[in-house]
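What follows is each chain in one-letter form.
Number of protein chains: 2
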Amino acid sequence: MTDTAPLFDRVAIIGIGLIGSSLARALTEYGVARSVVCADRSIDVCAKAMELGIVEMATTEIPVAMDGADLVVLCSPVGSFAEVGEAIAPHLREGMIISDVGSVKQAVLRDIGPHLPDGVHLVPGHPVAGTEHSGPEAGFASLFQGRWCILTPPPGTDAGAVEKMTALWRRIGSTVEIMEASHHDRVLAITSHLPHLIAYTIVGTASDLEETTKSEVIKFSAGGFRDFTRIAASDPVMWRDIFLNNREAVLDTLQRFTEDLTALQRAIRWGEGQQLQDHFSKTRTIRRSIIDAKQA
Amino acid sequence: MTDTAPLFDRVAIIGIGLIGSSLARALTEYGVARSVVCADRSIDVCAKAMELGIVEMATTEIPVAMDGADLVVLCSPVGSFAEVGEAIAPHLREGMIISDVGSVKQAVLRDIGPHLPDGVHLVPGHPVAGTEHSGPEAGFASLFQGRWCILTPPPGTDAGAVEKMTALWRRIGSTVEIMEASHHDRVLAITSHLPHLIAYTIVGTASDLEETTKSEVIKFSAGGFRDFTRIAASDPVMWRDIFLNNREAVLDTLQRFTEDLTALQRAIRWGEGQQLQDHFSKTRTIRRSIIDAKQA
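So the sequences go chain by chain: Z and B.
Each number in the working numbering comes from the position in the first sequence (counting from 1) with 80 added on.
Each number in the working numbering comes from the position in the second sequence (counting from 1) with 80 added on.
The following block holds chain Z by itself, in its conformation from the complex (with noise of 0.2 Å):
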């Protein structure tokens, strides 16, 4: 097999929204797959994807999805997919790949993994990218390039799918990291998890102020505020998924945001000028590495 050979013969992509029509779009067009198929549960959205000629098929039926794949990527909602793996386990085969694009993985191995029998492989992952649009539409085949793609193998998985799931990520332009479903869920609840909880609550915060009008609150919104308001623009679906599926490591991460967000308050209340200051001062660095490390 050459660098350029496709990897796959067939890839079954189960919701094609955002992320699922990027991977369809990227799949096809850096030859990963001979053919790209979809299901969703939606026919306007199959027929858009079809419309758009980013599958080969489009089906509200997973099973028909499911004929001839040898890597099936379930792009739904995270809270779909106890559904979505009862739905796939008759169809399942000797050999095939059953991997997701979701934002939480240990809900991965409690919600596919029981309906999996043995010599069919589950190999989680997570394309850390995104934009705050929705919809088959709003895909594009360069959204993972120079971003991260976390997989989440549980201990025993076949070594050889594994690899395949890495080159295919690498083969779209992403860069791989490997580590356990719990380590993830900690550690994206931080970088992602959180700052989507407090933007959607500062937005509608300010949407609630009943002494500044909607129309000031939008035309000032370049002193910080807009930067906020694309991430809570994101879909409402997916992210109440992904905090109801994480709930104990957002939950411990908030808890200490508000320890924090606390003692800061306080320095204001009491005019600690000094306290601030040397936070803001010691924020400041964190950006510069972000830069550096040219995910800015």
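It is possible that some hints are incorrect.
Since the list can't tell identical chains apart, any single copy or any two copies may satisfy a pair.
Keeping only pairs whose Cα atoms sit at most 25 Å apart, straight-line, the calculated DSS-like set for lysine-lysine is [stated by the list, open to error]:
| no. | residue 1 | residue 2 |
| --- | --- | --- |
| 1 | Lys299 | Lys244 |
| 2 | Lys294 | Lys362 |
| 3 | Lys374 | Lys294 |
| 4 | Lys362 | Lys374 |
These are calculated hints, taken from the structure and not from any lab test.
Got chain Z; can you put chain B on it based on the hints?
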């Protein structure tokens, strides 16, 4: 006076950092002033401003910069205004306009107002623009293009002076809004000050987490965290002064934010998915409004 004639003979910029140097550049480039000079308490910053060629003269002595100036604009951190007010007091002349670019506005009236005799016009201003970078080398003439500038002249301010400052900001690309200082401070508390406080907090929380390494936080920052780090890289002294000088409005807004965050925290803990989804759907529409208002 035609639309392109200079509005001022000589403008003295006090404090030549990101905003001061951007203003100096813009006043020259758009022909607003015949001459722009600056005072800065750092001799190194003065030398840098001269080297960049953005002022006709730079000095550490405020009275020297004020000589012959018909407009003095305070661009130093808000916490320095009481001291600067004392320094400029003996050198004020009939007809002079005193302005500033501070992010809080009631403090300007408090700290500068008492030093000004009748016939000297105080027109406080706040360009809602900036970047996370600091210093004279970070400035650029187009920083204010397409942004809002809020003027908060106290009741009874000379109308001609307000008109001239309005014309200045329009000439360099901004849209001017006039409001009361106290209203400004409440609006900016939610659109700018609280977002910065939250960003500073979460970046600090992340860097203190012992179970995830700092390199992991940086690696996977594209999941949302990096948007906060940009804001949390803003000038530490400037932001210390903003929080200390808009204490009441910031603490009040923070209290509302904390209540809202607690409600979402509770919804996560008790698995109330519908409440989360409803909240996240509401915030999404705010983003759309900001894009429509061309402030994204």
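Quick check: which numbered hints come out false for this structure? Those not satisfied: there are none.
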